[in-house]
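When you get a sec, could you build the whole thing from the sequences and use the hints?
Number of protein chains: 2
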Amino acid sequence: MMIKHSGEVLEERSSLKGTKGCTLRWLIAEKDGAEHYAMRLFELQPGGLIPVHTHEDTEHEIFIVEGTAILDDSKDKIIVKKSDVLFVQPGDKHSFINNSAMPFKFICVIPII
Amino acid sequence: MMIKHSGEVLEERSSLKGTKGCTLRWLIAEKDGAEHYAMRLFELQPGGLIPVHTHEDTEHEIFIVEGTAILDDSKDKIIVKKSDVLFVQPGDKHSFINNSAMPFKFICVIPII
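Chains A and B are the protein sequences, given in the same order. Residue numbering for the first sequence follows the working numbering, starting at 20 and increasing by one per position. Residue numbering for the second sequence follows the working numbering, starting at 20 and increasing by one per position.
It is worth saying that the hints were derived from the structure and are not from the lab. Hints are supplied without guarantee of correctness; some may be wrong.
Since the list gives no way to pick one copy over another, a pair counts as held whenever it fits inside one copy or between any two copies.
[To be verified] With a cut-off of at most 25 Å between alpha-carbon atoms, the simulated PhoX-like pairs for lysine-lysine come out as follows: (1) K23 x K124; (2) K23 x K96; (3) K100 x K124; (4) K36 x K23.
What follows is the structure, encoded as structure tokens:
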């Protein structure tokens, strides 16, 4: 069994084009022995942005750990907050804008393909 | 895209034998369209117990959302706390004991088989 604090995990900048103020940590990944899905922790700073994008083949299972943000699905802008759950299916457009004064943190689980 | 607050999701008692003061919510499950893995939120009350058990074929990817507990892997007793990450692989013995005064909450992702 692997046990660690999320703060021990390498914090990386998101590579998605147009993203601002966003880092992620691969909490449980292929290198840890995960074969089917990976768990990441995202942190979006105040003023930060993850621009609208989609994934054609992969879903996201998201749980918001801290803070609030605006979710833009290219049709509506929805405020999402701590303890909200989001199931982003393949092809679903999604974006996050942190216009609050506090960091926005969420768990995002993706398949390992 | 499905968006909901975890508090809206049906809270069920754990069916694991010997468990005390433990509920779970299937935040994202097969009925929601998830094909590969499911996300659950567990809540273990003060004095609550999930007894030592294993799963032969399934892994757990766990993120602790709130509180502290004692994790007993049948060899060691380890204190685990908010923002800790646990990767419980098939066959790994695990147990949680909440001897604190506050609820212990964690996200647990399992494969859909």
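Quick rundown of the hints versus the structure:
1. K23 x K124: both (18 Å within a copy, 17 Å between copies)
2. K23 x K96: Between copies only: 15 Å across chains, 35 Å inside a chain, cut-off 25 Å.
3. K100 x K124: Cα proximity of K100 and K124: in one copy and across copies (9 Å, 17 Å).
4. K36 x K23: neither (30 Å within a copy, 28 Å between copies)
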